[in-house]
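Working from the sequences, and respecting the hints, build out all of it.
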Amino acid sequence: MSSRLSGRPSADPRPAQPPGASSLLVNLAAAPFVNRRPVQRFTLAMWILGALLAGVNTFLWLQYRHESTALRARLAATRSEIERRSRDIVSTGEELGRLKLAAQNDQVDFLNQRIAERTFPWSLLFERIATTLPDGVRLVGLNPVFQDRGRRTARGAPAARPEEEMVDFKIRGVARSDQELYRLIDAFFSAPAFERPRLYQESSAAGEVEFTVDVRYRPRLAPEESHRPAAAVDLAGTFDLGQAAPADAGDGDDESAGVAAGETAALPNDRRGPASEVSR
Amino acid sequence: MRLSTAWRARWWVWGLPLAFAIANAAILVLHPGRTGAGFADMERQLEAETRELAALAEKEETIEHVLADARASQHALEELYRERFSTQEERLTELITEVKRLAQRAGLEPQAISYPEESIDEYGLVRMSLVFGVEGTYAQLRTLINLLELSDLFLVLERVGLRPSAASGLGINLQVSTFFVREPDRRSANAPRAPSRSSES
Chain P
0 MSSRLSGRPS
10 ADPRPAQPPG
20 ASSLLVNLAA
30 APFVNRRPVQ
40 RFTLAMWILG
50 ALLAGVNTFL
60 WLQYRHESTA
70 LRARLAATRS
80 EIERRSRDIV
90 STGEELGRLK
100 LAAQNDQVDF
110 LNQRIAERTF
120 PWSLLFERIA
130 TTLPDGVRLV
140 GLNPVFQDRG
150 RRTARGAPAA
160 RPEEEMVDFK
170 IRGVARSDQE
180 LYRLIDAFFS
190 APAFERPRLY
200 QESSAAGEVE
210 FTVDVRYRPR
220 LAPEESHRPA
230 AAVDLAGTFD
240 LGQAAPADAG
250 DGDDESAGVA
260 AGETAALPND
270 RRGPASEVSR
Chain L
0 MRLSTAWRAR
10 WWVWGLPLAF
20 AIANAAILVL
30 HPGRTGAGFA
40 DMERQLEAET
50 RELAALAEKE
60 ETIEHVLADA
70 RASQHALEEL
80 YRERFSTQEE
90 RLTELITEVK
100 RLAQRAGLEP
110 QAISYPEESI
120 DEYGLVRMSL
130 VFGVEGTYAQ
140 LRTLINLLEL
150 SDLFLVLERV
160 GLRPSAASGL
170 GINLQVSTFF
180 VREPDRRSAN
190 APRAPSRSSE
200 S
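These protein sequences, in sequence, are chains P and L.
The opening residue of the first sequence carries number 0 in numbering that gives the first Met the number 0; numbering runs sequentially from there.
The opening residue of the second sequence carries number 0 in numbering that gives the first Met the number 0; numbering runs sequentially from there.
Careful: at least some of the hints might be erroneous.
Straight-line Cα separation of at most 25 Å, SDA-like style, residue types lysine to any residue; simulated pairs [claimed, not checked]:
1. L:K58 to P:N104
2. L:K99 to L:G170
3. P:K99 to L:R181
4. L:K58 to P:E82
Which bits of chain L does chain P cover? Going by a derived footprint, with three or more residues having C-beta under 8 Å, they are [stated by the list, open to error]:
5. 5-14
6. 40-50
7. 55-65
8. 90-103
9. 147-160
The following residues of chain L were derived to be distant from chain P, with all beta-carbon distances above 10 Å [to be verified]:
10. N23
11. L27
12. H30
13. S85
14. G106
15. A111
16. I112
17. E116
18. D120
19. R141
If you're looking for bench data, these hints aren't it; they were derived computationally from the structure.
As the structure is a prediction and not an experimental result, all values here were calculated from the model.
Just so you know, even glycine gets a beta-carbon here, dropped at the ideal spot from N, CA and C.
Structural data, given as structure tokens:
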């Protein structure tokens with residue numbers, strides 16, 4: 000019989016549960032309900048988030064690897080190109096060394112100067128001198144002094160333009176009087192094709208004045224720039240030496256020249272070159 | 000209380016995916032591919048080497064330009080020496096004949112010609128001059144000078160001297176020079192001397 004029926008309090012407050020009893024009779028206090036759904040949802044969300052992030056990371060890693068490989072390849076190609084070009088530069092430099100560039104440049108300068116001499120416009124020079132010489136002056140010698148281009152300009156300096164090219168000339172001649180010689184000097188000063196005439200020597204001989212003049216000449220100056228009609232003289236008369244005194248006549252004491260040595264030296268220095276020798 | 004019990008009961012069930020997500024998030028944040036930190040060094044290196052390459056390319060171009068110029072000069076020199084100067088053996092008599100022919104065309108007749116020589120060892124050349132005097136007029140002198148200017152031979156008019164002449168009005172002294180390639184010693188030693196040639200070195 001049960002204790003409830005007997006009216007005595009039972010030591011076990013819970014009634015004895017016979018085997019095979021219904022779940023309705025489960026004691027919830029002994030096995031309380033636990034809501035696991037938030038945990039399950041959170042777990043699922045974390046797995047999904049983790050998987051997404053893993054996917055993104057995998058993509059980024061692959062991309063990184065690809066870019067890194069490409070960059071390394073470019074770097075390697077650049078280094079290889081640097082090495083190749085360095086080798087090329089060395090071999091080209093060696094080849095240049097074999098060509099003895101400095102010696103070749105000297106040789107080219109030398110030969111260019113000779114070619115410039117070869118192409119020197121002598122006919123034009125004769126025309127210019129003919130238009131520059133005043134009456135009463137005739138020439139007995141023309142001697143160009145070609146200077147080596149390499150000596151005139153430092154290596155690497157820009158070459159002079161053709162119209163600026165200068166040739167030194169030593170001109171020997173005979174004038175009827177020293178005044179005519181000075182007119183020649185003045186004519187050289189005023190002629191664009193000539194520059195810095197320097198009366199090197201003058202001496203009286205057989206009633207005439209023999210002289211030597213150094214003058215710088217621009218052979219490549221355009222012809223029209225040097226043309227001065229006012230100074231034009233007869234070409235034939237310029238070199239008509241048939242009536243002239245011999246150039247090798249002895250020193251004379253001709254007083255008819257009319258200008259003493261002192262007067263020669265008194266010519267304006269800003270127009271004449273220094274007379275290094277004046278002998279009469 | 001029950002909720003925390005649920006979280007605590009099997010913590011690894013949710014802790015594992017949480018750690019997985021956090022780890023991936025950390026990787027995402029710190030990944031060098033995203034931050035670019037992994038490329039920065041390489042890109043700097045690449046940039047520096049590209050600059051070096053550009054400088055080398057420019058230098059190489061300059062050197063190749065110089066080399067091309069040097070080769071062209073070398074070629075021009077060889078051609079000039081071969082075609083224009085050549086050796087005395089090849090050109091001497093032709094040259095003398097040409098100068099005399101030009102003088103005759105101008106109506107002038109050289110009476111005596113001297114042939115001073117100067118060896119230019121540095122450039123492997125010999126400068127030979129023809130110094131002669133003629134009697135004529137100014138017009139004939141101009142004609143001769145013009146013919147010398149137009150000649151195909153490498154003739155350099157170096158000096159013109161004029162003197163009065165009773166016979167024709169003008170005595171003209173000319174010095175015309177040309178260049179020959181200096182022959183090797185063994186050849187010059189065996190080479191026959193040019194006829195009627197007086198050497199004044």
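Check your understanding: Honestly, which of those hints from before does the structure not fit?
Key -> Checked against the structure, the hints that fail are numbers 8, 10, 11, 12 and 19, while the rest are satisfied.
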